[in-house]
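For chain A, the structure is supplied; the task is to place chain Z on it using the hints.
Chain order of the listed sequences is A and Z.
Per the numbering used here, the first sequence starts with residue 12, numbered consecutively.
Per the numbering used here, the second sequence starts with residue 689, numbered consecutively.
Keep in mind that the hints were calculated from the coordinates and are not lab data.
Possibly wrong hints are sitting among the right ones.
One-sided excerpt, in silico: chain Z residues whose CB lies under 10 Å from chain A [stated by the list, open to error]:
#	residue
1	Leu742
2	Arg768
3	Gln777
4	Phe781
5	Leu798
6	Met845
So, partial list: chain A residues that the calculated Cβ filter (under 10 Å) puts toward chain Z [said to hold, decoys possible]:
#	residue
7	Glu221
8	Ser229
9	Arg235
10	Val237
Glycine included, C-beta positions come from ideal geometry on N, C-alpha and C.
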Amino acid sequence: MAGDEAAAVIAPRPAPPPARYRWGLLDAFWLALIGTIAVAVAWRSQGALSYNWDWSSVWPFIVKYDSASASWVPNLLLQGLMTTVRLALWGMLLATLIGLLMGWMRNHRRLLLRLIASSYVMTVRNIPPVVFVFIFVYFISSQFMPALALDTRVGQLPAPIQELLSVLFGPLNLINNFFLGLICLSVFTGAYVTEIVRAGLQSVPAGQSEAAHSLGLSDVDTMRWVIWPQALRNVLPSLSGQFIQLIKDSSLVSLVSIQELSFMAQDVQVSTQRVFEVFVLTAGVYFCICFVLSQLFAHLERRHGRSR
Amino acid sequence: MSTPLIEIQGLNKWFGPHHVLRDIDLSVQAGQKVVICGPSGSGKSTLIRCLNQLEQHQQGSIRFEGQLLEGDAAQLRRVRRDMGMVFQQFNLFGHLSVLQNCVLPLKRVLGLSESLARERAMQLLERVRIPEQAHKFPAQLSGGQQQRVAIARSLCMQPKVMLFDEPTSALDPEMIKEVLDVMTELAESGMTMLCVTHEMGFARRVADTLVFMDQGCLIEQAPPETFFTQPQSPRTQSFLAQIL
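The following block holds chain Z by itself, in its conformation from the complex:
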């Protein structure tokens, strides 16, 4: 068994007095697709935000490619280059065009020249199927288009793992499909993905492992067939009964 790409051991996090992540152990191999589900407040988003250190954990360890994440600024920037993140609120830079959104990190982080950066950005915009919107501004795009730009922007950095924090929760039902299609294509191309979502159909089709969290604890993790047909924990069973 090769070194896991991400290894989380005994992760604990408190927001003030609230114990939001309790003794989390999770291992993610390269190429694995993990979908994390659970009720609101279960700590799902906090968990993936701890991975790229948008939140700091107080106890436990996170290892990326075997290296312990220690919060040292230089290591953090290297690690973040290799982890792409897509947010529920898209978080596109509103004062820049779609193309400039993708070109900015390529130039400032990877040091690419303007022309190379534009080329790579256009390739990725074509991959998410919106090359014609390159010169528009985020405010002029629909939610589904904005999210696809956000995915393209993260993919520009050629990350080793993509983190998705409820990417379709802020979208109209009609736009959810276009974003899920992009994510499915990404999964099929072999990208390691950790996705927090409520889209169970997507989870069933794409995930290798489903993780169920409740009140900060990792209750159950299993491949989709086992997860949906033979859930072990009563908590998982009642959650599935509610949503399916």
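Excised from the complex, chain A in its bound form:
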């Protein structure tokens, strides 16, 4: 019978090189068309746009020469940037702590813990960020901050500790202000981190905890060594997105006079009347911060992410 012979397994061969992309006539046509339109728009708007770019008025607001100490000191924009960076770093830390705690409580056996966590999430997620910032800051600042009296307490600490605190949290005379913004941001972001953490915990299959328990691992050990590591690895992409959002949300606290980068940018814009230069520069700074963070998380995902 034809075709009766057994065929041996064919050894694998290397793949042929992928087809190189060749510029065709159609590509050239589209490029020419888009190029022509872009040039035409630029030419027409040159006449219409009566704006003279003047970057030199912006540079003095980044650093200024202080004749008293005879050195270059940060000016408004750089100070604002440092506040933003502090808000971002401390905010991420605090939001993570809140999110881990609340995320764990979200699906707990005990009703009270579940209720606390789910009402927290529901309240924060259903209010727009601007409204949340206003309510939170004006309520907290009028009710709690006087009681805490952070600035007076800090003023009583010895000088080296004050030095350290001013590096960590910024100028001490503005410490009330800073903490207000920080707690507001953290509580706001914490609700979203809670949902991410909850999703992470649910993404770990039940078989994992069954296997851990049948080996005799305690509940605590099971959570610590089996569940949490897998839960967090599974949601690294979402977490990274949320932290980048935190950095952008930090600009909202400028609305309540917290002196971070956006607030300073508005200040400089008002005094120099150079709207575009100031805000393009500010946008560039935010872009760099967020980009660096996203690259960091991409690296983490490659090393520890889901598909290992």
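Showing chain Z alone in chain A's frame:
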């Protein structure tokens, strides 16, 4: 007759309104190999999951080494240390390497040092014949290799009884043999085993007792020769007619 290692009396379990285990009585001696078979939904997996309390029973008693299992957390952890379980879906810890999978319970449950734990883990990986895979991650192994790691991980705890919940049901036919070989070697070394499986050839060779379950009831239990050649109950007879 010495105290049975496991004694189940009048076990009843409901999942909501469904009566999934009905008046089960079963006795397992140390060193005995029991294979449980039956159609899907007969309660076979539920029965062995009740043994290490992954499922809670509502009525009846389970005694392990003569002690009644009462669901008290400390007793439960002690009992689970002495019962190893192997799952149909392997349930290896995906974020840890093969070696770390075995070392983790040794360190956290038995309190062994890192070096002792690694030594014992490597011994058991050699026993299941995959020592060279120690530093790989579960996702990089085939199903048969993963299941053998799961068996090694359970054996690391030096349990008194091994429970198998359809260990080969999720495997390719070619990998079933390597896992059954490991289980056969384990049986020959004297381990007490309770195995839920559809592998009748394995059951015939290895089991001391075959148990047939249907709709939550224990229909028949007998040594393999009697079970396969002279089944008593008509239900057993029709089941065997289907599968053999």
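Against the structure, the hints:
For leucine 742 of chain Z, the suggested interface contact is upheld, since its CB lies about 6 Å from the closest CB of chain A, less than 10 Å. The restraint placing arginine 768 of chain Z at the interface with chain A holds, with a minimum CB-CB distance near 4 Å, inside the 10 Å limit. Interface restraint check for glutamine 777 of chain Z: the shortest CB-CB distance to chain A comes to about 5 Å, inside 10 Å, so the restraint holds. At about 6 Å, the closest approach between the beta carbon of phenylalanine 781 of chain Z and any beta carbon in chain A falls short of 10 Å, and the interface hint on this residue holds.
The criterion of a C-beta within 10 Å of any C-beta in chain A is met by leucine 798 of chain Z, whose closest approach is roughly 8 Å, and the hint holds. Annotation: interface hint on methionine 845 of chain Z holds; nearest CB of chain A at approximately 6 Å, less than 10 Å. The criterion of a C-beta within 10 Å of any C-beta in chain Z is met by glutamate 221 of chain A, whose closest approach is roughly 6 Å, and the hint holds. For serine 229 of chain A, the shortest C-beta to C-beta distance to chain Z is roughly 7 Å, which falls under 10 Å, so the interface hint holds.
About 9 Å separates the beta-carbon of arginine 235 of chain A from the nearest beta-carbon of chain Z, less than 10 Å, and the hint is met. Contact between valine 237 of chain A and chain Z, as hinted, is supported at the beta carbon level, the nearest pair being about 6 Å apart and thus within 10 Å.
In this structure, every one of the numbered hints holds.
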